[in-house]
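Sequential numbering of the sequence shown, starting at 190, is according to my numbering.
If you are wondering where the hints come from, they were derived from the structure by calculation, not from laboratory data.
The reader is advised that the hints may include incorrect statements.
So the derived label-pair ranges between C-beta atoms look like this [unchecked claim]:
| id | residue 1 | residue 2 | range |
| --- | --- | --- | --- |
| 1 | PRO254 | ALA486 | 46 to 52 angstroms |
| 2 | PHE407 | ASN472 | 37 to 43 angstroms |
| 3 | GLU571 | ASP255 | 27 to 33 angstroms |
| 4 | THR405 | GLY303 | 55 to 61 angstroms |
| 5 | ASP390 | TRP599 | 51 to 57 angstroms |
| 6 | SER360 | ALA570 | 57 to 63 angstroms |
| 7 | THR362 | ARG307 | 21 to 27 angstroms |
| 8 | THR434 | ILE318 | 25 to 31 angstroms |
| 9 | THR423 | GLU571 | 46 to 52 angstroms |
| 10 | LEU381 | VAL322 | 32 to 38 angstroms |
Since we're looking at a predicted model, the values are computed, not measured.
All C-beta atoms in this analysis are idealised placements derived from N, C-alpha and C, irrespective of residue type, glycine included.
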Amino acid sequence: MNPLSPPSSPPPSPVSPAPHQQGEPSSPATTTVNRQASIDVFRGIVMFLMLAEVLHLSSLQAAYPDSGWAGWLSFHTSHVAWVGCSLHDMIQPSFSFLVGVSLPFSILSRKRRGSSWRSMALHAAWRSIVLIVLGILLRSLGRPSTNFFFVDTLTQIGLGYFFLFLIAGYSRTIQLMSGAAVLVAYWLLFALWPLPPADFDWPSVGVPAHWEHLFTGFEAHWNKNTNPAAAFDTWFMNLFPQHPTFEYNSGGYCVLNFIPTWVTMLIGVLAGGILVSSSSPTNRLTQLFALGIVLMAAGWGISALGWCPIVKRIWTPTWVLYSGGLCLIALSALYGVCDLQGHQKWAWPLLVIGSNSIVAYVMSWTLEEPIKAFWKRHLGAESFEIWGDAWEPFLLGSTVLLSMWLILLWLKSKRIYIRI
Numbered sequence: 190m191n192p193l194s195p196p197s198s199p200p201p202s203p204v205s206p207a208p209h210q211q212g213e214p215s216s217p218a219t220t221t222v223n224r225q226a227s228i229d230v231f232r233g234i235v236m237f238l239m240l241a242e243v244l245h246l247s248s249l250q251a252a253y254p255d256s257g258w259a260g261w262l263s264f265h266t267s268h269v270a271w272v273g274c275s276l277h278d279m280i281q282p283s284f285s286f287l288v289g290v291s292l293p294f295s296i297l298s299r300k301r302r303g304s305s306w307r308s309m310a311l312h313a314a315w316r317s318i319v320l321i322v323l324g325i326l327l328r329s330l331g332r333p334s335t336n337f338f339f340v341d342t343l344t345q346i347g348l349g350y351f352f353l354f355l356i357a358g359y360s361r362t363i364q365l366m367s368g369a370a371v372l373v374a375y376w377l378l379f380a381l382w383p384l385p386p387a388d389f390d391w392p393s394v395g396v397p398a399h400w401e402h403l404f405t406g407f408e409a410h411w412n413k414n415t416n417p418a419a420a421f422d423t424w425f426m427n428l429f430p431q432h433p434t435f436e437y438n439s440g441g442y443c444v445l446n447f448i449p450t451w452v453t454m455l456i457g458v459l460a461g462g463i464l465v466s467s468s469s470p471t472n473r474l475t476q477l478f479a480l481g482i483v484l485m486a487a488g489w490g491i492s493a494l495g496w497c498p499i500v501k502r503i504w505t506p507t508w509v510l511y512s513g514g515l516c517l518i519a520l521s522a523l524y525g526v527c528d529l530q531g532h533q534k535w536a537w538p539l540l541v542i543g544s545n546s547i548v549a550y551v552m553s554w555t556l557e558e559p560i561k562a563f564w565k566r567h568l569g570a571e572s573f574e575i576w577g578d579a580w581e582p583f584l585l586g587s588t589v590l591l592s593m594w595l596i597l598l599w600l601k602s603k604r605i606y607i608r609i
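Turn these sequences into a full structure, and let the hints steer you where they fit.
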């Protein structure tokens, strides 16, 4: 099953099974490749949250500075400045997690159809390249030249996807050990990296001198733009045409985030392995939920001890554990509601979005302004100001969101699904 495929019958999968000698987690005789509605609903929720950025809900806080609900909306529709987590921060890890969840289904489906491992490995490599290129092209829109940007969601997934395919054929034990080893090694890279001097010029790396989110003590190894991943970027990014020369990412994001993001996807592979296993549905639910609680607690606990903060922008190991745990808990809840209880009708609008998630992703980058201009032209700009200036972005964004949803509905009605 393609992680970006429609929720109906399984389409051709983008990856193949690894050879049997690589230690597959289970055999076709003891597993199922029946599609789980919970995966498609989860994908629809994630894509809806991404498309809902056009509503610009965070702007309401300026109009209602003393309102608790406006502050809550602003927080959960924006990225946190550095440490912590909002709902908006969970979009990228959820997207990456679901790519991993779908992989075991693809492996079993391809294996049953007799596809060669070599051809599927080549296709996985090709898919990685396409994701990287597509991410760069979308980030280059409106710019005078190619924007070699490697921290986009698609690009980050593409950088790790082929390696995810390779590990997916091994046993669960090897997958767990590999994921743990990567996180420990990545933690050591930061923990052993020398700290800047006490009189360091923070504005030189895009950080205000008295920024409230600067860590002290051991956690200072994970400060913005003074970590090893940021240092790598000052070399790597300048291998590509940059105007001006790359010095730092203003948001603190780093190319090497794809390494721990690979572990986020691997957690998804583990979840997918549980879903295709021969365990009873109740046991699958229990495993997903229990693993989610363990990972989330581990991430929070390690952070609370001061050993590694939870920072999404540099994808710290604790962020991998914490966000991965939340993804598992969300998947277990949806599995219980949609698959065990069979309550799926409520999610149909979400399935419309999730069935063409690549199209939805591209539309979010390309169609917002054209759709806004279209409706302003034909309805008049004043039509979106009936509730005052504060609500104009929301009303206009709602029209954009509905328009995008109708496009996706038309594609679904025609059974047109764009996949990589």
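Do the hints match the structure? See the list:
no., hint, in the structure
1, PRO254 x ALA486: 46 to 52 angstroms, "violated, 35 angstroms"
2, PHE407 x ASN472: 37 to 43 angstroms, "holds, 40 angstroms"
3, GLU571 x ASP255: 27 to 33 angstroms, "holds, 28 angstroms"
4, THR405 x GLY303: 55 to 61 angstroms, "holds, 59 angstroms"
5, ASP390 x TRP599: 51 to 57 angstroms, "holds, 54 angstroms"
6, SER360 x ALA570: 57 to 63 angstroms, "holds, 60 angstroms"
7, THR362 x ARG307: 21 to 27 angstroms, "holds, 26 angstroms"
8, THR434 x ILE318: 25 to 31 angstroms, "holds, 27 angstroms"
9, THR423 x GLU571: 46 to 52 angstroms, "holds, 48 angstroms"
10, LEU381 x VAL322: 32 to 38 angstroms, "holds, 34 angstroms"
When each numbered hint is compared with the structure, a violation occurs for hint 1 only.
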